[in-house]
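Q: These protein sequence lines are chains A and B, in that order.
Here my numbering is used: position 239 in the first sequence is 239, and no number is missing along the way.
Here my numbering is used: position 265 in the second sequence is 265, and no number is missing along the way.
Just so you know, these hints were derived from the structure itself, not from any lab.
Think of the CB as a built atom: it goes at the ideal place given N, C-alpha and C, for glycine as much as any other residue.
Keep in mind that the hints are not guaranteed to be accurate.
Listing some non-contacts, in silico: residues in chain A with all C-beta distances to chain B over 10 Å [unchecked claim]: (1) Ser70; (2) Pro95; (3) Gln138; (4) Ser216; (5) Asp242; (6) Gly270.
Between beta-carbon pairs, the in silico distance windows are [to be verified]: (7) A:Arg212 <-> B:Ile74: 21 to 29 Å; (8) B:Pro195 <-> A:Gln274: 35 to 43 Å; (9) B:Thr40 <-> A:Leu44: 49 to 57 Å; (10) A:Tyr25 <-> B:Lys267: 32 to 40 Å; (11) A:Val64 <-> B:Ala285: 47 to 55 Å; (12) A:Pro76 <-> B:Arg135: 44 to 52 Å.
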Amino acid sequence: MTVASKPALSRSAFWSRLDVKSAPYLYIAPFFLLFALVGLFPLLYTAFVSVHKWGLITGNGGFVGLKNYSDVLGQPRFWQAMGNTFSIFVLSSVPQVIAAVFIAAVLDANLRAKTLWRMGVLVPYVVAPVAVGLIFNQMFADQSGFVNAVLTSVGLPAIGWHANSLASHFAIATMVNFRWTGYNTLIVLAAMQAIPRDIIEAAVVDGASRVRTFFSVTVPMLRPTLIFVIITSTIGGLQVFDEPRMFDQIGLGGNDRQWMTITMFMYELGWGNQRNFGRAAAVAWILFLVIVAFAVINFWLTSRIASSGGAKPAASRSRRKGVSR
Amino acid sequence: MSASEMSIGMIEQVAGKGAARAARRRRGMDGGVRRPGWVTYALLAVIVLVSAFPLYYAFLLSSSTSSSIAQNPIPSPIPEGHFIENITRVLTADINFWRAVLNSVIVAVLTSVSVVFFSTLAGYAFAKLRFRGQRGLLAFVVGTMAVPTQLGIIPLFIVMAKLGWVGNLAAVIVPAMVTAFGVFWMTQYLAEALPYELIEAARVDGCSMIRTFWNVALPAARPAAAMLALFTFVASWTNFFWPFVVLGSTNPTLPVALQLLQATYFKDMALIMAGVVLATIPLLALFALAGRHLASGIMAGAVKG
C-alpha cells in the first residue's frame, strides 16, 4: 500500500457516492423542470396577466386590479358560455358513465374473442376530435343531414340541430360520448374484473337476482373507479373546445353563440377581434376555480351516492386486497 | 407457490405460450363460468356497429360528390367511386396537406420517443432508487395529473412568442416531452417488473447509475414503454387546441389542417370528408396492428390507478 494510491481510491469512491446520491434527482428532474415551465408557471402567470391590461400584440399595459374580472363577469356572453358548457358537460358525462357501466357489464361475460370486442368499442378513441366534429357536423346538418333524414323518414319532425341551442348541445355531447364511452368502458371493465368473484357468488347464494346483485354489489364496488372516471371527465368536459369549435365553419359557436363554450370564449377574447389577453386570462382563471370546485363537489357527491348504495366496509376492504396485488 | 396460484402471465413466462393457453382454457372451465348466449353477442355487435358507423359514413361521403351528398342525406351503403378523385383534390388543395402529414408524423414520433425516455428515467428512480422526499415527490407527480394545464395557454403563448416559436413545431413538441401520466405509468410497471437483484448485479459489475438504467431498466421496461408510446402517439396525433393556437395556418398539424379545410371549402363536403378519412387512416392502421395493446393498457392503467 502506497500513500499515493489512497487519494485516487477515495476520489473514485467520492464520484461513485455522488453518482448514487444525485442520480435519482437527475432522473426525475426533467419532469419537474418541464412541469414548472409549461404547467405551473403558466397557470400562476395567468393570474398575473388577469389583473393587468394586456393585449396580444401590445403586451403589458399596466395593473388594472380586478377590472378584467368585472368586465368578463358583466358580459352576458360569459354567462351564456358558462351555461352552454355546463349543458354540454351534463349531456355528455352522465349518459357516458351510465353507458360505460352497462357496456362493461356486457363485456364482463365470458365472451369468445373478448379482445376483439374490447377493441371494437375502442375504435372511436383513435379518431381525432376534430375529425369527429366534422363527421357529426354533417350528420347533424339542419338541412339534408343524416339524422334529420332518419327522423323524418319515421314520421318525426326534423330538428334544428344548429339553430336550436339545446339541440346543438345534444349534438356536441354526442360527439364527446362517441369518442370517450368505449375508453371509459374499458376502465370500468377492468374494475369489474377486479371484484372478487366470491363476493358476487355470496350475493347469489343469498338469493339476490342478477339485476339486484349488479346494482347492490357490483356498482357500489366500482366506486373508486367511477370517481376517477367522473373527475377526469369533469376536467376534460369543462374545457371542451375541439368538437364545438368544429360544429360550423366559422367556429364562434353559432349565430347567437348558442353552442359557444368557455374555452371558445377565452380563445375569442385572446385571439379574436379583441386580442385582449387580460380578459382571456381572467376567464381561464375563473374556469380553473370552477373546475377545482367541481372536482371537489363531484368527489363528495359520488362518494355519498355510492356509499348509500350499500357497500359494506368488509366488501370494500377485500376489493382493495384484490387490487393491490 | 402452487401452480394454481400462478398467474397466467407467470405460466406463460415459465412454461411457454401453449401452457398458458391451456391454463386459461382450464380455468375458464373449472371456474364454472358459462358462455353467454346470443343476445349478449347481438347487443355487442350493435354497440360496435354504432361505434364504427360514423367512420363508414365519412368514407361513403368521401367517395361521393357534393351534389349527391346534398340530394341523398342518407347515403347509399355502397361507395360511389369518387374516393381517389377526392383524395387527390385534398392533397392538391390550397392548405398544404402534405406538410400537415409530415408535421403530424414529426410531432407524434418525437413526442412519443421523448415521453418514453424521460418517463422511464423518472419511473425507474421512483420505483427502484432510494432518495429523500421520494414519496412526497411521487404524490406531487400524481397530483399534477388533475391540473388543467390547458388553462395556462395564455402565458405559454407569451413565452413562445418571446422565444420566436410561434408557428414552429418546437412549440408543440417541447411542452409535451414528458407527462405525469407517463412517469406514474412507468413507476407502477417497473416497481413490479424489475427485480432488485438485477440492479444490484449490474452495480456489483461496476456499472455506473446511468449504465445500469440503460442496460437493465430500459430493456425491462419495454412492454410498458411500448404501450406508453402508443398512447402518446394517439394523443399527439389527435391534439388540436394548442397546435391550433400556436401553429396557425402556416405550419399546421393534421387536425389544424382539417380545420383549415373546413374553413376554406365548407361547401365541398366530399372534399372535407376525404380529408377526415386521410387524417384518420394512419391511426386506424396503427389500431389494427396494436389496438389490443391499447385496450389492455387502458385496463391495466385503470386497476393500478
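Q: Okay, which hints does this one fail, numbers in order?
A: Hint check: 3, 5, 6, 7, 8 and 10 fail, others pass.
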